[in-house]
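S.K.: Please build the complete structure, drawing on both the sequences and the hints.
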Amino acid sequence: MRTLTRLASLVLSAGLSLSAAQAATPTTFTLENGMEVVVLEDHRAPVVVNMVWYKVGAADEPWGKSGIAHFLEHLMFKGTDDLAAGELSATVTQNGGSDNAFTSWDYTAYFQRVAADRLPIMIEMEADRMRDLQMSQEDVATEREVVLEERNQRTDSDPGALFSEQRSAAQYLNHPYGIPIIGWRHEVEALSRDDAFDFYAKYYAPNNAILIVAGDVRPEDVKALAEEHFGPLAPTEGLAERVRPSEPPQLSERRLEFSDPRVSQPYLIRTYLAPERNPGAQETPAALALLASLLGGEGATSVLGSKLQFRDRVAIYASAFYDDVALDPSTFGLVMMPTPGTSQAEAEAALDAAIAEFLAEGINDEDFARLKMQMRAARIYEEDDIQSVARRYGAELTSGLTLADVAAWPDILDATTADQVMEAARLIFDERKAVNGWLLPDPETGAARGPITLPSEVTGEAMQ
Amino acid sequence: MIRVLMLVVASALSCVAFAPTARAAVDIQTLKTPGGINVWLVEEHSIPFTALEIRFKGGAVLDRPGKRGEVNLMMALIEEGAGDMDAQGFAKAREALAASYKFDAYDDGVAISAKFLTENRTQAVDLLRTALMETRFDEDAVERVKGQVQSIIASEATDPGDIAIQTFDRLAFAGHPYATSLDGTPVSVEGLTRDDMFTTRDRILTRDRLYVSAVGDISAAEVSALVDRLFAGLPEVGAPLPDHATYQLAGGTTIVPFDTPQSIAVFGHEGIRRNDPDYVVAYIVNEIFGGGREARLMSEVREKRGLTYGIGTYLLPSDYSELILGQFASANDKMGEALAVVRQEWAEMAQTGITQEELDAAKTYLTGAYALRFDGNAPIAKIMVGMQMIGLGPEYVQDRNAMVEAVTLEQANAMAKRLYDPEALHVVVVGDPLGVEGEEVTATPDPAPGLQPLDQNDLTNPPTQTLPESATE
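Chains as they are written, first to last, in my numbering: chain A, 16 to 479; chain B, 8 to 480.
Keep in mind that the hints were calculated from the coordinates and are not lab data.
Every residue, glycine too, gets a C-beta built ideally from N, C-alpha and C.
You may find that some hints are simply not true.
[Unchecked claim] Computed beta-carbon distance windows for the label pairs:
id	chain 1	residue 1	chain 2	residue 2	range
1	B	449	A	426	52 to 62 Å
2	B	125	A	417	28 to 38 Å
3	B	37	A	391	30 to 40 Å
4	B	415	A	233	35 to 45 Å
5	B	415	A	139	28 to 38 Å
6	A	361	B	311	48 to 58 Å
[Said to hold, decoys possible] Here are a few chain A residues that sit away from chain B, every Cβ distance over 10 Å (derived from the structure):
id	residue
7	45
8	201
9	267
10	359
[Said to hold, decoys possible] Derived pair list, reagent style EDC-like, types lysine to aspartate or glutamate, alpha-carbon separation capped at 16 Å:
id	chain 1	residue 1	chain 2	residue 2
11	B	109	A	363
12	B	311	B	352
13	B	311	A	153
14	B	99	A	382
15	B	153	B	202
16	B	311	A	160
17	B	99	A	380
18	A	387	A	426
19	B	99	A	313
20	A	80	A	202
21	B	424	B	202
22	B	311	A	209
23	A	217	A	252
24	B	99	A	381
25	B	311	B	344
26	B	99	B	133
27	B	311	A	102
28	A	80	A	209
M.R.: As structure tokens, then:
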């Protein structure tokens, strides 16, 4: 339903991650220098997506250098010993393709989408910029202005995005997930060419990268190309395991209100610290993913939608979300946009009551069966979009999961019982680990003056 | 099977690059069902589902006077209860089939996008038929969805991007539905009734406005039977379509003061109709100027000067107007400089046009990229329904790259002179820009009742939704 979808887009970016496709069975191998390669075949159209994923993101930045992972992502389009600044994208364009890159807390990825026979040059250029990046001081200075404009556009112009930054900072007492991907403005302003190069030299190496090629390709051809171009690159020696500062016990709920004159529609987002998928340990995350779908899902059938939108009529929109793919603990969240005339206190009470009711009532068998049917279908539908399958693999593999974990996930979801979902629900709603945040209009002006779209989950995504 | 033939021609443009000339050759079947409905089909049996795209020409432009927002609200309510099912019952039935139906309204038409599995195709189509033919428009559903629409209207009224585009439309198309947002106003939406919804549905969802395409695990005979069953009993004739809109905006600058750190600018003037014989020339010229990642504006405003994160221009040929329009955001203290660059580049296009190198590069990109669009059932279905709506034949898919290749520098520069008019360029800036002179206006979210509206150029909802990209060029 369009209107609900648009409302959801005001608050959340993506849907739920239940689409665990087995679309293409991947072929995988590892180069001698440690670079992993994944090939996903889809021969319906002569198109290929070439992606290089680095196992480094904003949560791996040195303290005080927030935004450097994303800034470097921009600078990766400048030049190398063999390519002039901007030549890489120009070459992609010349070959009728498109390219882009994105940065998250746990990964940074670069991709091109081109005709299948253009793959060799894409691989050649990605290999070139993995180790041989060059950039002038002038390029760095100009690109820093671009990044600041990006922050202006995505964050500072958007109270929902500012609110999101504040909530994350409150959620994580010690872990760098509390720092925005794009960086705090005052730190981005001070990022230098040396900062970028230090980060680059350490983390951009074949033993810290995954090549994912999806589309109309044969694995043996990808292997030959990867060996030719990435094979000769030197790994970074002594690259330590990715261990970030971890969370201490969270003992006290954090409650915050963020008011901005540009807000017209108040809403509540409450997040709980949640376990993420880990190698060999995906059962609880599977239960949480199903829980998010049951509670959130579509308003007309979900637990929160049925109770808060349809029965109590206190919400315009109510949903739940959970991020199962992350290197370190993520969050499980509840969203509620109250109807006009419903106070903050009433909205919270209604939300609490809905959750309490759900915990007491348990899961309706018919609802659970419908959810499983949709999951199964989602796998079929996902096969139609090989690029999204490739992107899912990249996120999973750079977030600590193995190919075996990725392969096992759909079956684990399938095998999860209603009892396991209820058990996960009883675990997750621990208010000591919660951030209860309200985005509100300015109490002075009252009326709304601004947009409330939240940025996409991967806030550091950049147009080259 | 999605068959796209690639003819690759080596080029001397670069030591590392080749210039591919891709020829997309999707195997399109054009059918007329026994019931007389035209359907375009591509069979693709490797994944057990079908993507079905349905359009009805004549969208929110057909809102009746004083009832702005009725088409949008009607489309939002189609699956909020049908037959013996209320909204929740319908959603459960759909989810049990794992079918997906999306209903959307835009200025020039309404869209239904459906996906369903082969295993329960009949039930999925029957359920969709129930939604279209036995819509309930229950009072409680009408009120609930009105509340959602009101929330969206309130948000857009305070979003600088929405304010910018709505201000441009208001100034450009006064008196035409295109002048206002298809969501309606708080007042007009509040006044909409259940009866309005039935009336609107029967004015909009009619046989004479219908376009259909399908891609997936389905045969010609199967899709014919399915389409006839789905639409049997649909009203024959839709409401009369509106007149062409008169563009009323002269060159200049309009400022909407808004307290935000970064200003948003929307700029443009009249463009070119989709059925103009030189449309493809204009498309290429715009690609060079502001359409692509490598375009002049991106280079001048972002890459060289760091004044923005992104800037682009678009040809917007709608059914009742045609625009060339661009948009970008800059910090308030940079907006003046950025706009000066835009105006300079606009004038440069009119005066000196483009170079042979730029034309060659654009052709290489456009011809190479075309085939990449045909890479899934759902994307192909959308492209095909869009082609039908703008009157292109299936052969366009084969001919299109040759049309691009045939454009000469002389044609391109004649078009640049015709398309870009620095005197007519109008800029709407929302924010607190420094160094920008212009007439100040306020955003007026609530136009006089009775004025009938239509926001057509929402860049966040670009016409690529209305007409798939492939179709608009």
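S.K.: List, from low to high, the hint numbers that the structure doesn't satisfy.
M.R.: Hints 11, 21, 22 not satisfied by this model.
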